[in-house]
Amino acid sequence: MILEIIGISVLWLFLFGYVIVGSIDYGAGFFNAYSILTGKQHIVSKVIQRYLSPVWEVTNVFFVFFFVGIVGFFPETAFYFGTILLVPGSLALILLAIRGSYYAFESYGKKGHKGYAFMYGASGILLPASLSIVLTISEGGFITLNNGEPQLEYLDLFMSPLTWSIVVLSIISVLYISAVFLTWYANETGDEGATNLMRKYALVWSVPLIIAASGIIVELRFHNEEHFNNIIDLWWMFGISFLLWIGTVWLIWKRKNYITAFWLLVGQFAFAFFGYGISHYPYLLYPYITISEGFTNEAMAIALIIAFILGMALLIPSLYLLLRLFLFDENYKKGKK
Amino acid sequence: MLFDDPVYASRLLTLLTLSFHIIYATIGVGVPLMIMIAQWIGIKKNDMHYLLMARRWAKGFIVTVAVGVVTGTAIGLQLSLLWPSFMELAGNIIALPLFMEVFAFFFEAIFLGIYLYTWDRFDNQKKHFLLLIPVAVGGGMSAYFITVVNSFMNSPAGFDIVNGELVNANPLAAMFTVSMPTKVAHVLSTGYMTIAFVLAAIAAFRLLQGSNREYHKKSLNMLMKVGFVFALATALIGDLSGKYLAEYQPEKLAAAEWHFETSSEAPLVMWGVLDDNNEPQYALEIPYALSILAHSWPTAEVIGLNEFPEDEQPPLIIHYFFDTMVTIGVFMLGLSFIYWLGIRKRWNFVESKWYRWLIVLGGPLSFLAIEAGWWMAEVGRQPWILRGIMTIDEAATTSDYVGIMFYLFVLLYLILGVGTVVVLRKMFQRSPIEKDIENYQGGDQK
Ligand code: HDD
Ligand code: HEM
Ligand code: HEM
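Here the protein sequences come in this chain order: A and B.
Everything in the first sequence is counted per this note's numbering, starting at 1 for the first residue and increasing by one.
Everything in the second sequence is counted per this note's numbering, starting at 1001 for the first residue and increasing by one.
Hints listed in this document are in silico derivations from the structure and should not be mistaken for laboratory results.
Be careful, since some hints might not be right.
Between beta-carbon pairs, the in silico distance windows are [unchecked claim]:
| id | chain 1 | residue 1 | chain 2 | residue 2 | range |
| --- | --- | --- | --- | --- | --- |
| 1 | A | I302 | B | L1015 | 55 to 65 Å |
| 2 | A | L319 | B | K1044 | 55 to 65 Å |
| 3 | A | R255 | B | R1425 | 45 to 55 Å |
Heads up, incomplete: computed chain A residues facing chain B, CB under 8 Å, no partners named [what the hints assert, rightly or not]:
| id | residue |
| --- | --- |
| 4 | V64 |
| 5 | V68 |
| 6 | A97 |
| 7 | W263 |
| 8 | E293 |
| 9 | L314 |
| 10 | I316 |
| 11 | S318 |
Glycine included, C-beta positions come from ideal geometry on N, C-alpha and C.
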């Protein structure tokens, strides 16, 4: 039992990592496109070139880690999700390709192509929407078994209010996380115009975020009561999350200590994300796969965990070096080097 | 429609994505090593030309890496989307190297990011050089781990099947299978060889256009030497791969060689066509060579294809894939050897126009050889996805939409492929080598 818990915790932790770094990346693309529209382009595009370009491959690996890891720890998910996700998964891949190729082809050139920047921005909104579908599906009720072959009920999925509330929440989260981060980053680079703009976006999206999140809990009550009850049992985690949200908004409102505001935000999402994950236990896919039935064999589980520990021992110092050079290097941030 | 059968459509989509990814993956494996060699020589000899080589290759590398990551992510996810049953089974036994590969990517991506964006941030050049080592090692490790998975598909090991259930999984035994050593070695050496010849082709092309002679000549000489070493290694390891096949996957070798009847003193059949009686016509036959390739002995017995049940025989088309690969391998070995000898003995013809055109041709040919090699290895595994255990029919998705996805991805790769070429051309047209040299000498290292 303990191995399953370690496995799912590692995966969930990386998914959380992807939610944060991915959101910063997606949101920046969107703000960039938006500011081209409103003629304030230079503000965000500088951040994208100096910060996002060097680290986007690392961002992408978080995603790869998750889908490779889940097949390793829970091979049965490959069968179920693999079969049903062909279309949404392929579309997400194409959107990811647009983003990757933007970094490859555009941020290098002197001045980019406008249409491309819009596609890049739009993909930042469509991607969280399409990826979040997986969370919706995992709530159960959208899959039927046909001769033992799982099939996705597209119409049910499309008509369900739960689907749409999760989509909306994912988009708002992306914009909010990204805006808070960029507020801090712009402030660090000493760009006052950008800071104010980003601060405004952060405040604009803060309230819809909480409304959307609460909405989902209500939706779940109708869709998957078991999950809903589990969430209620974990009310304190969501409560802490809410308090942290207040902290972030307050600091941003007061124009104080943006870095603390950002870490409070990370805490807010961590509590909500893990609260959600724990309340989902023991199911990976309602009602077909639980983490104990879908788990790999013991030898593989131990091997994966050992590989994970060794891998982290290698990665953490390297990541630290990367962040020190790009994110926290005073000269680099200010664009001197 | 063409794609009514999900199995067939899945095969085509896998073929498409992998054939496209392997181009960028090969660049990702090979270029860091070439940059390393150039930068090392540059620091040792204090020669600006080599340092600039490293710099310019690294600049282009930014673009190809990004596309490599995109296509790699695509194939990684597609494996689960297109072959769910296979991945479920594979997840139980061979997930370890796939998982470790992610760490290799991580490692490579981090240091590549640092390396590429810190050209001028270190006062000591050697420190900057050191950053390349994890990049090159990471690229090599990626190739290693993924090839380990592929070896497992060709020679599954590390588990038992009892009553249709998988038991006694041993992840390490699954990683160290009999086909792993030759496969990994061949993939790595061909990757390095190909990139050396591709960069050499660019240098030769520039020389033909009359661009800066000294810079490109140094580059060409160095690359042809490196390429020769790896081409030699490739041929030797390729020979060992043949011996592996003869021992463990004789049906693949037999199909690749159109060797139907088990016999000793078997000749190597190159090219040709089959007549109605399955007799090769117009083929180039090298006596005893197949026996030597298979067992290092001219009279050794080589198992023929007819020993295998008809529904387990690989398609005969792989004969041409095999011949393409071997022909190109021998050609490049000769071309680089003669060039190397020619430079030492001052034979003028190796600097002539027609010889340089041959070198230019060698770049694309090397890539063709890589593609052909993979086609032969993967198509030659038919009908198995896991040899002897699971066929592709059992493994493929049952979704009806694979055909549409195929068209979408064709479009995507078309855009990515054309985009890469256009962006790279623009990038180097904007800063030709002459300008770089001027800047460098002017002390402004931007
Ligand atoms: C530049 C590319 C290149 C070149 C010149 C060669 N090969 Fe190769 N070959 C590959 C690129 C490649 C590859 C793409 O790397 C393959 C595909 C799968 C694999 O493991 O390596 C491969 C596979 C492969 C296999 C099948 C292994 C298997 O299916 O398990 C054999 C028997 C050979 N090669 C033999 C040779 C010989 C005798 C060569 C003579 C010069 C040769 N190769 C040149
Ligand atoms: C870990 C490495 C690899 C894995 C797990 C893998 C997996 C697969 C799978 C599942 C199939 C479909 C089954 C079949 O048709 O035989 C396949 C086929 C194929 N793969 Fe691989 N592959 C690997 C490496 C590669 C590479 C690097 C290439 C090179 C480009 C490649 C080229 C192909 C091709 C061309 C096919 C189609 C074969 C056919 O049409 O019959 N594979 N591979
Ligand atoms: C089934 C086969 C394969 C799969 C599933 C696969 C998967 C991937 C993935 C997910 C990435 C992107 C990693 C990132 O986010 O940074 C990638 C990139 C890469 N792959 Fe593949 N790959 C396959 C075949 C191969 C082969 C056969 C090789 C080498 C011979 C290879 C070498 C690389 C390299 C070096 C990169 C790094 C990108 C670059 O530097 O250009 N891959 N691959």
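Taking 8 Å as the limit, does the beta-carbon of I316 (chain A) come near enough to a beta-carbon in chain B?
-> violated (11 Å)
Report holds or violated for the interface hint on L314 (chain A), using the least CB-CB distance to chain B and a cut-off of 8 Å.
-> With a closest approach of 6 Å, the L314 (chain A) hint holds.
With a cut-off of 8 Å on the beta carbons, see whether V64 (chain A) makes it to chain B.
-> holds (6 Å)
For the hint on W263 (chain A), just tell me whether its beta-carbon gets within less than 8 Å of chain B.
-> Result: violated, 22 Å to nearest chain B Cβ.
Using Cβ atoms only, decide whether E293 (chain A) comes closer than 8 Å to chain B, and label the hint accordingly.
-> violated (13 Å)
With 8 Å as the cut and Cβ atoms as the points, is S318 (chain A) at the interface with chain B?
-> Where the cut-off is 8 Å and the nearest Cβ of chain B is about 5 Å from S318 (chain A), the hint holds.
Taking the CB of R255 (chain A) and the CB of R1425 (chain B), does the distance hold inside 45 to 55 Å?
-> This hint holds: roughly 47 Å between Cβ atoms.
Was the hint right that A97 (chain A) lines chain B, CB cutoff 8 Å?
-> Holds, because the Cβ-Cβ distance from A97 (chain A) to chain B comes to roughly 5 Å (cut-off 8 Å).
Would you say the C-beta atoms of L319 (chain A) and K1044 (chain B) sit inside 55 to 65 Å of each other?
-> violated (32 Å)
Could you check if V68 (chain A) really has its C-beta closer than 8 Å to a C-beta on chain B?
-> holds (5 Å)
Verdict for I302 (chain A), L1015 (chain B) (Cβ pair) under range 55 to 65 Å = violated (36 Å)
Violated hints, listed in ascending order, are 1, 2, 7, 8 and 10; each of the other numbered hints is respected by the structure.
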